[in-house]
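There are 2 protein chains.
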Amino acid sequence: MSKVTIRHVAAAAGVAVKTVSRVMNGEPNVTQDLQDRVNKAVDALGYVPSMAARRMGGSRSYLLVALNDRENTINNWRSGRGNDWIDQMLHGAMLTCEAHGYRMLFELVEAGSPDLDRKVVAILSALQPDGIILTPPHSQNLALVEMLTRRNVPVVRMGVAGEGVGFGVFMDDRAAAAEATRHLLQLGHRRIGFIAGSPRFEASRQRLDGYRDALTEAGVTIDEDLIAPGDFTFESGVAAAGTLLARDDRPTAILASNDEMALATLHVASRLRIRVPDLSLVSFDDTPGVRLSVPGLTSIRQPISEMAAKAAALLIGVSRTGEGAPSDHLLPFALEVRGSTAPLT
Amino acid sequence: MSKVTIRHVAAAAGVAVKTVSRVMNGEPNVTQDLQDRVNKAVDALGYVPSMAARRMGGSRSYLLVALNDRENTINNWRSGRGNDWIDQMLHGAMLTCEAHGYRMLFELVEAGSPDLDRKVVAILSALQPDGIILTPPHSQNLALVEMLTRRNVPVVRMGVAGEGVGFGVFMDDRAAAAEATRHLLQLGHRRIGFIAGSPRFEASRQRLDGYRDALTEAGVTIDEDLIAPGDFTFESGVAAAGTLLARDDRPTAILASNDEMALATLHVASRLRIRVPDLSLVSFDDTPGVRLSVPGLTSIRQPISEMAAKAAALLIGVSRTGEGAPSDHLLPFALEVRGSTAPLT
Chain A
1 MSKVTIRHVA
11 AAAGVAVKTV
21 SRVMNGEPNV
31 TQDLQDRVNK
41 AVDALGYVPS
51 MAARRMGGSR
61 SYLLVALNDR
71 ENTINNWRSG
81 RGNDWIDQML
91 HGAMLTCEAH
101 GYRMLFELVE
111 AGSPDLDRKV
121 VAILSALQPD
131 GIILTPPHSQ
141 NLALVEMLTR
151 RNVPVVRMGV
161 AGEGVGFGVF
171 MDDRAAAAEA
181 TRHLLQLGHR
191 RIGFIAGSPR
201 FEASRQRLDG
211 YRDALTEAGV
221 TIDEDLIAPG
231 DFTFESGVAA
241 AGTLLARDDR
251 PTAILASNDE
261 MALATLHVAS
271 RLRIRVPDLS
281 LVSFDDTPGV
291 RLSVPGLTSI
301 RQPISEMAAK
311 AAALLIGVSR
321 TGEGAPSDHL
331 LPFALEVRGS
341 TAPLT
Chain B
1 MSKVTIRHVA
11 AAAGVAVKTV
21 SRVMNGEPNV
31 TQDLQDRVNK
41 AVDALGYVPS
51 MAARRMGGSR
61 SYLLVALNDR
71 ENTINNWRSG
81 RGNDWIDQML
91 HGAMLTCEAH
101 GYRMLFELVE
111 AGSPDLDRKV
121 VAILSALQPD
131 GIILTPPHSQ
141 NLALVEMLTR
151 RNVPVVRMGV
161 AGEGVGFGVF
171 MDDRAAAAEA
181 TRHLLQLGHR
191 RIGFIAGSPR
201 FEASRQRLDG
211 YRDALTEAGV
221 TIDEDLIAPG
231 DFTFESGVAA
241 AGTLLARDDR
251 PTAILASNDE
261 MALATLHVAS
271 RLRIRVPDLS
281 LVSFDDTPGV
291 RLSVPGLTSI
301 RQPISEMAAK
311 AAALLIGVSR
321 TGEGAPSDHL
331 LPFALEVRGS
341 TAPLT
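Chains as they are written, first to last, in UniProt numbering: chain A, 1 to 345; chain B, 1 to 345.
Derived by calculation from the structure, the hints in this document are not laboratory data. Built from N, CA and C at the ideal position, the CB exists for glycine as well. It is possible that some hints are incorrect.
Stated by the list, open to error - With a straight-line cut-off of 20 Å between C-alpha atoms, the simulated SDA-like cross-links for lysine to any residue are:
1) B:K40 to A:A122
2) B:K18 to B:L34
3) B:K40 to B:H8
4) A:K40 to B:K40
5) A:K40 to B:A122
6) B:K40 to A:V121
7) B:K119 to A:V121
8) B:K119 to A:Q32
9) A:K119 to B:A122
10) A:K40 to A:A11
11) A:K18 to A:G101
12) A:K18 to A:G322
13) A:K119 to B:K119
14) A:K40 to B:A99
15) A:K119 to A:G101
Claimed, not checked - If you only want the chain A side, here are some residues facing chain B, beta carbon under 7 Å, derived:
16) L34
17) N75
18) W77
19) G82
20) D84
21) H91
22) L263
23) S270
24) R271
25) L272
26) I274
27) P288
28) S293
Claimed, not checked - Here are the in silico distance ranges between beta carbons for each label pair:
29) B:T5 to A:G164: 42 to 50 Å
30) B:P343 to A:E110: 43 to 51 Å
31) A:E110 to B:K18: 25 to 33 Å
Given these sequences and hints, build the entire structure.
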């Protein structure tokens with residue numbers, strides 16, 4: 001039997017080849033009637049369009065690729081911490097891709113590797129994606145953004161503000177940390193500890209800046225001893241909370257730069273028989289664990305799935321139209337108040 | 001400029017076309033010297049092998065596709081529960097694929113859809129994967145397994161035991177629930193509540209069977225009133241724990257069929273001022289939330305990443321050799337004992 005081609009399908013359905021292509025590619029604005037006729041012909045003939053065949057219609061691969069941090073992702077897998085960030089990224093990006101007949105996959109790339117460019121070029125070569133989503137810390141790497149731009153690969157920087165190359169989709173980490181700190185100030189807290197994130201991530205610096213902003217704004221002198229280093233891991237949170245809570249004049253509230261370190265603080269407090277919210281505790285990320293913990297943690301919700309959805313939509317737009325001027329998109333965060341914060345008594 | 005092809009690269013590197021192809025595809029057993037020569041030629045010529053070009057060397061796509069449950073995955077995303085199962089699956093499968101020059105992506109398919117076959121065939125058509133990993137509940141769907149087998153698509157049933165079609169990679173849910181129950185019996189508990197999982201999943205039935213096995217083995221009469229229905233959601237756990245703990249002769253221990261429902265039980269107990277482990281609590285899944293909760297929950301660890309790694313390895317093996325007799329692979333679970341279980345006082 002000779003191979004069934006798109007032409008056979010078009011003939012059987014009584015439509016143009018282009019229409020078959022649009023139906024197979026899941027493009028919008030095809031009437032249900034045309035879709036039904038094409039699908040019926042596809043079934044009857046057993047037509048199997050390959051990705052290669054789809055590409056013959058144009059230069060699109062209908063594939064987006066996200067580059068994620070190799071070190072963090074694998075560490076989080078191995079330690080059993082899990083990668084809620086990736087899960088939420090997939091939520092936004094996959095569903096958006098699906099709605100437009102695209103697919104997304106993500107690749108793990110080592111941020112500090114001297115081989116980074118070659119690795120990324122190998123990914124471009126193998127997959128020929130219609131666009132690249134850079135997640136932190138790759139999205140901070142302007143050289144990488146420029147390399148992709150030179151190769152005419154549309155790129156979105158996710159989670160990093162306004163550099164003007166490619167698209168940016170981010171939230172305001174500094175404002176979020178300030179809002180979280182203000183929440184504690186409004187409850188009467190003045191001695192507010194801060195557990196910093198990994199210096200590998202720009203967001204860590206911004207969160208610390210926001211904490212300082214809010215204290216300064218409220219006329220509270222910043223006590224550098226209340227700022228403890230961390231690296232986003234549970235272990236670093238245990239160490240930081242241990243240091244902060246061992247002080248004679250220990251803080252009455254703590255803002256942790258991510259959930260993992262906030263949950264670590266909850267453990268340390270429990271061990272020291274300090275009840276939360278007798279110690280008020282605010283977290284950053286709003287991953288499932290802090291919503292289900294006892295008490296649930298007051299937390300900054302990052303719009304990760306919304307950022308990923310926006311990133312995918314921007315790239316699909318460029319892929320469709322061949323156009324798209326660099327633009328930046330700020331998405332809103334939210335402070336979710338739960339049982340871990342209470343007025344200073 | 002004319003397009004650079006694999007032949008140009010082979011000529012520049014002084015190697016066979018097949019060698020270039022093996023290096024580009026990340027196949028093992030290529031000497032470092034050959035890799036270096038090929039990579040240097042690739043860089044010098046700016047050669048970009050497409051996925052389509054890779055396929056020209058043979059019928060392989062170097063792509064595996066996992067089919068996941070659409071309903072659960074999207075519900076977990078929307079509710080913010082997260083999909084630890086998918087995260088762990090990606091851990092095992094992606095790293096295994098990467099080590100062999102493969103890639104994996106996953107697709108969300110509605111298990112009960114009358115359109116299921118068409119959807120799956122569309123995925124096969126678009127992506128032409130070298131193999132399919134079916135996750136629960138798809139892996140229970142023998143008609144689907146047989147459809148794929150008829151189309152000569154190698155398939156792994158993940159998480160479902162021994163049906164003899166395709167490969168099976170699973171753990172013994174019944175034995176795991178029995179071991180968890182035995183742990184509670186050994187601590188002196190006799191009134192042990194059970195919160196069941198969603199009837200959509202075969203594993204739910206097996207976990208209930210294991211609970212019954214252990215009680216029967218210990219000569220404890222099964223009290224059907226201590227078995228509460230659930231569907232794996234937090235809300236169903238709140239309802240089930242509420243029912244069990246409202247009884248005058250309430251259970252002294254509870255085994256929940258997943259972590260979400262166990263964390264719900266922790267919340268209900270806290271509300272009723274019942275301290276855990278005064279109520280002993282055992283969970284199933286060992287997701288990050290139960291390890292970080294206060295107290296940490298005693299939990300059955302499922303070897304999800306190990307199952308996914310094995311699934312990918314089996315499919316890559318078939319793809320490489322063109323051979324592979326149906327076989328079943330049982331992977332070990334583990335009972336992780338933490339602070340949520342204690343001797344009956």
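Item to check | Hint status (Cβ of I274 (chain A) to nearest Cβ of chain B, threshold 7 Å) | outcome: Since the shortest Cβ distance to chain B is 12 Å, the answer is violated.
Checklist entry - Taking 20 Å as the top limit, are the C-alpha atoms of K40 (chain B) and H8 (chain B) close enough? => result Holds. K40 (chain B) to H8 (chain B) sits at ~12 Å (cutoff 20 Å).
Checklist entry - Between K18 (chain B) and L34 (chain B), is the straight-line Cα distance small enough, at 20 Å or below? => result holds, 12 Å
Checklist entry - Is the hinted range of 42 to 50 Å satisfied by the C-beta distance from T5 (chain B) to G164 (chain A)? => result violated, 37 Å
Checklist entry - Taking 7 Å as the limit, does the beta-carbon of S293 (chain A) come near enough to a beta-carbon in chain B? => result Interface hint status for S293 (chain A): holds (6 Å vs cutoff 7 Å).
Next on the checklist: Next pair to validate is K119 (chain A) with G101 (chain A); report whether the Cα-Cα distance is within 20 Å.
Outcome noted: Outside the cut-off at roughly 27 Å; violated.
Checklist entry - If you draw a straight line from the CA of K119 (chain A) to the CA of K119 (chain B), is it 20 Å or shorter? => result Measuring from Cα to Cα gives roughly 33 Å; hence the hint is violated.
Checklist entry - Holds or violated: are the alpha carbons of K18 (chain A) and G101 (chain A) at most 20 Å from each other? => result Since the Cα atoms of K18 (chain A) and G101 (chain A) sit roughly 15 Å apart, the hinted pair holds (cutoff 20 Å).
Item to check | 20 Å limit on alpha-carbon distance, applied to hinted pair K40 (chain A) and A99 (chain B) | outcome: Roughly 41 Å between the alpha carbons, so the hint for K40 (chain A) and A99 (chain B) is violated.
Checklist entry - Does L272 (chain A) pass the interface hint, meaning its C-beta sits closer than 7 Å to a C-beta of chain B? => result Violated: closest Cβ of chain B sits about 12 Å from L272 (chain A), beyond 7 Å.
Next on the checklist: So if I understand the rule, the pair passes when the alpha-carbon distance is 20 Å or less; does K40 (chain A) with A11 (chain A) pass?
Outcome noted: holds, 12 Å
Item to check | Satisfaction of the H91 (chain A) interface hint, Cβ to chain B closer than 7 Å | outcome: Where the cut-off is 7 Å and the nearest Cβ of chain B is about 4 Å from H91 (chain A), the hint holds.
Going through the hint list in order, the structure does not satisfy hints 4, 7, 9, 13, 14, 15, 16, 17, 24, 25, 26, 29.
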